[in-house]
Amino acid sequence: MNVVTALKFYISKMTEDSGPGMKVLLMDKQTTSIISLLYSQSEILMKEVYLFERIDTAVHNDTLKHLTCLVFIRPTKENVDLLCKELRHPKYGVYYI
Numbered sequence: 001m002n003v004v005t006a007l008k009f010y011i012s013k014m015t016e017d018s019g020p021g022m023k024v025l026l027m028d029k030q031t032t033s034i035i036s037l038l039y040s041q042s043e044i045l046m047k048e049v050y051l052f053e054r055i056d057t058a059v060h061n062d063t064l065k066h067l068t069c070l071v072f073i074r075p076t077k078e079n080v081d082l083l084c085k086e087l088r089h090p091k092y093g094v095y096y097i
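Using our numbering, you'd call the opening residue of the sequence shown number 1 and step up by one each time.
Derived by calculation from the structure, the hints in this document are not laboratory data.
Once the Cα atoms are required to be at most 30 angstroms apart in a straight line, the calculated DSBU-like pairs of lysine-lysine come out as:
#	residue 1	residue 2
1	Lys13	Lys85
2	Lys47	Lys91
3	Lys65	Lys8
4	Lys29	Lys77
5	Lys65	Lys91
6	Lys8	Lys91
Label-pair ranges, simulated between beta-carbon atoms:
#	residue 1	residue 2	range
7	Ala6	Asp62	29 to 39 angstroms
8	Asp62	Asn2	32 to 42 angstroms
9	Pro90	Pro20	16 to 26 angstroms
10	Asn2	Val59	35 to 45 angstroms
11	Lys13	Ser36	17 to 27 angstroms
A virtual CB, placed ideally from N, CA and C, is assigned to each residue, including glycine.
All chains should be modelled from the sequences, with the hints used to inform the complete structure.
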C-alpha cells in the first residue's frame, strides 16, 4: 500500500465513521495541503464534506451546530492548544477527533 492509498483510506474511514450528514473538515496548514493533494473538490463533496476550516484561522462568529466536525490535525502543542480552545466554545454540533 502506498502513502496516497493509505491516506485516502484513513480519510474515507473518518467520513464513514461519522455517519451521514453534512460535515466540516477542521485542519492545520500541513493537513490542508495533504487533503488538497489527495482529493478534488468534487471527490471530497461526495463524502459529504461541505466546509473546510483551518484550526489556526477559525473565526467563531457563527455556530454551526447542524454540522459534524472531522478534526484532521497533527499532534503538535500548538494544534492541541487550539483544539482545546475550540472545544471549550464549540462551534459545531459533534466532533470526531
